[in-house]
Amino acid sequence: MKLFTLKYLPTLPLLVSLAACTVGPDYQQPESRVPAEFKYEAGWQTIAPQSWAAQGDWWTAFKDPELSVLIIQANAANQNLAQAEARYRAAQGQWRLARGDYSPQLDASLSGSRDGGDSISVTESYSARLSASWAPDLWGRVRRSVEASRTGMQSSAADLVAAGLNIQLAVAQSYIRLRALDAQRLILEQTMETYARSTVLTQNQYKAGIVPRSDVIQAETQQQALKSDLIDLASQRALEENSIAVLLGKAPVNFTLTPEGKLPELPVLPASLPSTLISRRPDVVSAERQLASASAQIGVAQAAWLPSFTISAGYGANAGRFGDLFDAPNAIWSVGPSLVQTLFDGGARRASKAIAVAQYDEQLAAYRQTVLDGLAEVENALATLSLLKEKTEQQAILLELAEENERIVNNRYKSGLVTFLEVATAQNQTLNTRRTKVATEADRLQAALQLAAVIGGGWDLDDPVVQSVNHAQSQNKEGG
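FYI, in mature numbering (1 follows the signal peptide of the UniProt record, and there is no 0) the residues of the sequence shown are -22 to -1, 1 to 458.
If you are wondering where the hints come from, they were derived from the structure by calculation, not from laboratory data. Keep in mind the model is a prediction, meaning the values are calculated, not measured. Using N, Cα and C, we set each Cβ at its ideal position, and we do this for glycine too.
Quick list of simulated restraints, FRET-style, between CB atoms: (1) LYS240 <-> TYR80: 57 to 65 Å; (2) ALA229 <-> GLU198: 36 to 44 Å; (3) ALA332 <-> ASP93: 50 to 58 Å; (4) MET170 <-> ASN58: 39 to 47 Å; (5) ASN58 <-> ALA110: 43 to 51 Å; (6) GLN202 <-> ILE375: 28 to 36 Å.
Keeping only pairs whose Cα atoms sit at most 30 Å apart, straight-line, the calculated DSSO-like set for lysine-lysine is: (7) LYS415 <-> LYS205; (8) LYS240 <-> LYS205; (9) LYS205 <-> LYS392; (10) LYS369 <-> LYS205; (11) LYS369 <-> LYS41; (12) LYS367 <-> LYS240.
Please work from the sequences and hints to get the whole structure.
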C-alpha cells in the first residue's frame, strides 16, 4: 500500500479538484406568485389578533376538552397515520442508503473445492481474499443522488405532517357534526314537550266542542313527525360516532360518546392572515421538496455521461491445503485504479436526462398548482366565515321574531280567534329557525376548522419531524 500511495500521490490534487465538481443544475426554489393579501379578508382588522393557528395543538382554540382528547388519541392510534409514519421511515432509510455510496466497499471471501475423476487423482484448492474498492464522486453523481434522497425524505416528512393534519381535521369535523346532531336532538325534545302541551290543549278544546276533530289530528300528526325526525337524528349520530371510532383506531363497538347538546366555541381568528402562510402548508412543502428532488435527478442523469473512476486493492492467498492459506509464500496482492467510460448505449443516457427534465417540469407545474389550490381554499374558507357570520346575525333576529309570533298565535288560538293550522305553522317556523341556527353555528365551526387546515394547521418549523429532517440536512450539508 505504501508503493501505491507514493506512485499515485501526484494525481491526488487532480482527484480532489474533480471531486469538488457537481454536474447538473443547482436547485433554487421557484417563485410561488403568492399575492400580498386575500380577497375576503376585508373587515377582519377589527378582530383582536390571536395566534391560534400557529400552535401545534391548534384544536385547543375551540376550548373543548373532549375534542382535544379525541384528537390526541387519533394522533397515537390512527392506522392511516401509522402508514404515513412507516413511509417516512422508509424515506429515511433510502437517504441512508444513498449516503452509503460515499464510503469504500470492503469484501471478504473464503472458498474451497475438491476435484477428481475416474482416472484423475483428487486435488484440493483453497483461496481467501480481502478486497476494498472506492469510487470517488468525481462528478457529483453521489452528491446529487443523496440530495434527491434527502429532499425526498423531507417531502415524506411533510406528507406525514399532512396526514396527521388530515386525521385531526377529520376527527374535529365528525365531532362537530355529532355535537350539532346532539343540539338538534335537544331542540326536538324541547319542541316535543311544546307539541305535547298543544295536543292536550287541542284535545280539551275538541271535547268542549270549541275546535273540530281535524285540529286534534293535526296536533297528533306534528308529534309523530317529530318522533320520526328524532329517529333520523339518532341514525346520523350513530354513523358519526362510528366514523370517529375508526379515526381513533378503535372498533365502533368499543367506542361511545355521551350525548351533549353543546357545540365547541368558535375561536377568535387572527386580525389578518398573511398569504405567506400558504408556504407552510404540508402539501406545499411536500410539492416543493419533490421539485428539489427532481432537480437533483437531472444531475444524476447528467453524471452518467462522464467516466467512472474506481480505486481498488486486494490481498489474498491460494493453496492446495487449507492450513497453507496463511503462509507468506502463498500471499497475493493487487492494487490499482480503473477508469470506465460508456461509449455507446443506444441513446439510453440521453433518454434518461430527457425523462429527468420532463419530470422536473411536471413537478414545477404541480408545485405551482398546489400553491394556487391552497390560495383558493383559503379564500373559500374566509368567504364562508364572512358570510356565515352575517347569516348567524340574521338567524338570531329571525328566531326572536318566530318565537314572538308563536306566542301571539298561541294566545289567539286559546281565545278561539284562529285555527290550529296557524298554530302549527308558527310552531314549525320556530322549530325550523332554531334548527337552522344550530346548523349555521356548526357550519361556522366547520369553516374555522377548514381555515386552520388550509393554512397548514399546526405545522411549523418547530415540528419534531421537521427538526429531525433539518438535523439530517445539516449533517449532509457538505455532502458527506
